[in-house]
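Student: Given the coordinates of chain A, assemble chain B onto it according to the supplied hints.
Residue numbers (my numbering), protein chains in the order written: chain A, 4 to 535; chain B, 11 to 253.
Just so you know, the hints here were simulated from the structure itself, not pulled from any lab data. No experiment lies behind these values; they were computed from the predicted model shown. C-beta: ideal position from N, C-alpha, C; glycine also. Where hints are given, some of them may not hold.
The list that follows gives simulated cross-link-like pairs (lysine to aspartate or glutamate, EDC-like), each with its CA atoms no further than 16 Å apart [claimed, not checked]:
| no. | chain 1 | residue 1 | chain 2 | residue 2 |
| --- | --- | --- | --- | --- |
| 1 | A | Lys132 | B | Asp246 |
| 2 | A | Lys455 | A | Glu147 |
| 3 | A | Lys132 | B | Asp240 |
| 4 | A | Lys132 | B | Asp242 |
| 5 | A | Lys195 | B | Asp100 |
| 6 | B | Lys84 | B | Asp150 |
| 7 | A | Lys357 | B | Asp246 |
| 8 | A | Lys357 | B | Asp242 |
| 9 | A | Lys351 | A | Asp361 |
| 10 | A | Lys290 | A | Asp361 |
| 11 | B | Lys57 | B | Glu76 |
| 12 | A | Lys357 | B | Asp150 |
| 13 | A | Lys144 | A | Glu322 |
Where chain B lies over chain A, by a calculated footprint (3+ residues, C-beta under 8 Å) [unchecked claim]:
| no. | region |
| --- | --- |
| 14 | 79-88 |
| 15 | 139-152 |
| 16 | 195-208 |
| 17 | 341-353 |
| 18 | 366-375 |
| 19 | 507-516 |
Computed footprint of chain A on chain B; a stretch qualifies when at least three of its residues, placed anywhere within it, have a C-beta under 8 Å from a C-beta of chain A [unchecked claim]:
| no. | region |
| --- | --- |
| 20 | 15-28 |
| 21 | 51-58 |
| 22 | 97-110 |
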Amino acid sequence: MEPVLVTMDEETELSFTIAQMVQRLKGTHLHSQLERQAKDCLHRPDIKLESLKDDVRNFLKVSGWERKLQNAVYRELHIRPPPGSPAAPPQHTKEPLQYMRNAQASWEKRILKSLNSMCTELGVPLARKRPLPEQRELSNKWNEMGTDEPDLSKFRPVYAPKDFLEVLVSLRNPNLDCSEELSSLSHWGLIKVPLHVRDIPQVREACPELTLTSGQLGIDDHPHVPSDLFESEHVRLGRRVLGEQDSAAAQQYSRQGCPTGLRAQLWALILNSTNDPEDIMHYEQLKAGVIQHDLVVDNLIYKDVKLTASNDDYYFVFEDFLYQVLLCFSRDTTVLEHFNYNSATPPKSYIQGKAEQDEYAVIYPPNGVIPFHGFSMYVAPLCFLYNEPCRLYGVFREMYVRYFFRLHSISSHPSGIVSLCLQFERLLQSHLPQLFYHLREIGAQPLSIAFKWMVRAFSGYLSTDQLLLLWDRILGYDSLEIVAVLAAAVFAFRAENLMEVTSLASAEAVLADLSTLKVMPLIQIFVFATMI
Amino acid sequence: MSNGPVDYVAKTPVCLQIGDAATNSLRPGVCVTDIVFPNGKPIKIQKISFKNYYTAFLSLRLLRSEEEGQDGAKWVTCLRNFPLMANPHDEAGSQDYFSVSRQQGAAMTAVPREWCVGTGACLRYLMCQATTAPMLVEPDDVTSVRLILRQPSSAWLNFNIEEITIYDCVNEDTERDVPAWLSSLTPADEPLHLQGLPDPETVSSSIQQMWALTEVMQSSQTTASVGRFDVDGCYDVNLLSYT
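Chain A on its own, in the form it takes in the complex (with noise of 0.2 Å):
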């Protein structure tokens, strides 16, 4: 293999990396296998003293090994955030700008004021302890929450995704000159911050794979199309990536789709998500604070499945599950480590009233995360693919930690919901402008009715094959651009209805049911059949 040329300032950023990179591995349950294993294979009889160190790293890459400490080092190769100037401080490196970690602090605020308004209405403390029958009664319904009908009604979802919206919507840049009506920034849409967004010739660039000559899953694996052509290719080689077990393979691969069948494997292989008698543990650990620790938040998490996921066609027989998952996840600990790359701070607490006093401070939810209007439709799709609440918990885990926090905080990433705004209504003015001006000009912002589909990455409003076709290129292209892309091509695709709506209302009917779409096809002539 030809070496890559790297300057020295380089090679001292790419050690750092390393060295960090073995610090967080080293206390995980991967260090210690392979520890077992290194000390194991020594009895084998092709391990020499003499050449002990390469025969033993032979070995480990014989039987697999070397393949998983890879995938764990590209998992956190994800996760980490790009190599800044070491001047940076760490709230640099949750978000660059000074205003919109400004506006971030203050929608947190807001967010934090409702809560404790919530509480203090309702005279329920945040959190308490559970008292040992009721622990018990929860221990044996625990897999038949949903039976319970516990009075809500009093409860109120902490903010929804229109609240949102208009923080979005508000963000201003103080640097900015808006002086200037007809600038070259010149831009019909909601959100004022210029930002780097991609368009249409540097996403066909960025996405090659999804171009009309490339087999794509989600249109060539049609009943009329004979599985010759591309089917049964993809999915012999999708059996392959899973033998070879290797992350960054299934990652490529699954940019043409992942097969029904090969789906949950490669997700989680992509994931680096495991199902290890660690993880099962892990997870008993965060079901029994579950039990012994009752938070406002679990009623937050039980009204928002009541309200969204039971209502969904799809999705109401997974309530239980649902249930599982998400009271688990406000347990764990281990989210706070992504707050070091979210622009978000996890909320403070101190137990006991005893305000101030550093020893008694805790974080609210210990995972830090407070679950808003649709939260739990970021879980109820992955249902489809795993029955074990362990392993459901594992991959959603993993996805919040990559993705789906972006679509909640506000922050200047690529794939946040900021720019994802922003690159929907570039795409949109450059490629229908008359489109756009016709539904301003009705008082019917693209913004507003796209917004929802966005925020949710359009879970709940696809049917569920399409949903998990354009999760696969999610994971596959690592971004959440393609929310943005499809966001874009559903108007696009229903341009001709929305020029003859006169109002909002109208607009919105026609947009109301996106059930019947078929993503990839639209995807597919909207990056790469338009006219530039």
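Tutor: Structure of chain B alone, referenced to chain A:
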């Protein structure tokens, strides 16, 4: 190796404009700041680090005092139009931290391509926009630094560079002599007078073993958390804190 930061005095930035500054309604796109060092002492710069504020391109010029025997000083270009923002109209790079450092020997090293595992994450990671830049000339005997900031986009109201820190090189030529009392080490062939004391070799080897064990213990400390969210079993929380 670099010393701590060096004191400097930054003069008021001068904006370059065509025509009369008072009547010109266009904002300037070029800004020049001079930095001088107190006492007029020339500095050997190791690194200059700073925080960007909406500057698109940076050029650095250094005023170097000439070698002995020649009068006057000469301006040389140390960095030419280094891009701080990938696109002057977008936010990317607008508030990032950067550093410019002295070149270190032959600047290229080979990294085996196997290290570049997989597709997206690693390669993108390595090819991220550079936040460090090497200097084109050796910044020795510098008496003044001139920063030329360019921002061609009309989108921004202001642009400049903040938190400028200059590090100089540590002096390598003052090597202290070993004090005389250190140099008289015990010669190895002198017999040691042991009376009932254990053999120093075995003592030292067992101490070495114990040290090795403590090193192993220290190095295998993990950052993995236990996962407890309560404090001694208690998690009674009433209200969230705003601070």
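Student: How does the coverage statement for the region 139-152 of chain A fare against chain B, requiring three or more residues with Cβ below 8 Å from a Cβ of that chain?
Tutor: violated (count 0)
Student: Is the hinted pair lysine 455 of chain A and glutamate 147 of chain A satisfied, with a Cα-Cα distance of at most 16 Å?
Tutor: Judged against 16 Å, a Cα distance of about 30 Å means the pair is violated.
Student: With the threshold set at 16 Å, check whether the alpha-carbon distance from lysine 132 of chain A to aspartate 240 of chain B stays at or below it.
Tutor: This hinted pair holds, its Cα atoms lying about 10 Å apart.
Student: CA of lysine 357 of chain A to CA of aspartate 242 of chain B, is that 16 Å or under?
Tutor: holds, 15 Å
Student: Test coverage of the region 15-28 of chain B by chain A using CB-CB distances below 8 Å; three residues minimum.
Tutor: It is violated, with 0 qualifying residues against the three required.
Student: Tell me whether the statement that chain B covers the region 507-516 of chain A is true, taking a Cβ distance below 8 Å and needing three residues at minimum.
Tutor: As far as the region 507-516 of chain A goes, the hint is violated, because 0 residues have Cβ atoms under 8 Å from chain B.
Student: Given the hint that lysine 84 of chain B pairs with aspartate 150 of chain B, test it: the Cα-Cα distance must not exceed 16 Å.
Tutor: holds, 12 Å
Student: Does lysine 351 of chain A pair with aspartate 361 of chain A here, judged by a C-alpha cut-off of 16 Å?
Tutor: holds, 11 Å
Student: Three residues or more, CB to CB closer than 8 Å: is that satisfied between the region 79-88 of chain A and chain B?
Tutor: holds (count 7)
Student: Is lysine 357 of chain A close enough to aspartate 150 of chain B, meaning Cα to Cα at most 16 Å?
Tutor: violated, 58 Å
Student: Under 8 Å between beta-carbons, do enough residues of the region 97-110 of chain B, three at least, approach chain A for the coverage claim to hold?
Tutor: Holds: 11 residues of the region 97-110 of chain B have a Cβ under 8 Å from chain A.
Student: Can the restraint linking lysine 290 of chain A and aspartate 361 of chain A be considered satisfied, given a maximum Cα separation of 16 Å?
Tutor: Between lysine 290 of chain A and aspartate 361 of chain A the Cα gap is close to 27 Å, so the pair fails against 16 Å, i.e. violated.
In the structure shown, a violation is registered for the earlier hints numbered 2, 10, 11, 12, 15, 19, 20 and 21, in ascending order.
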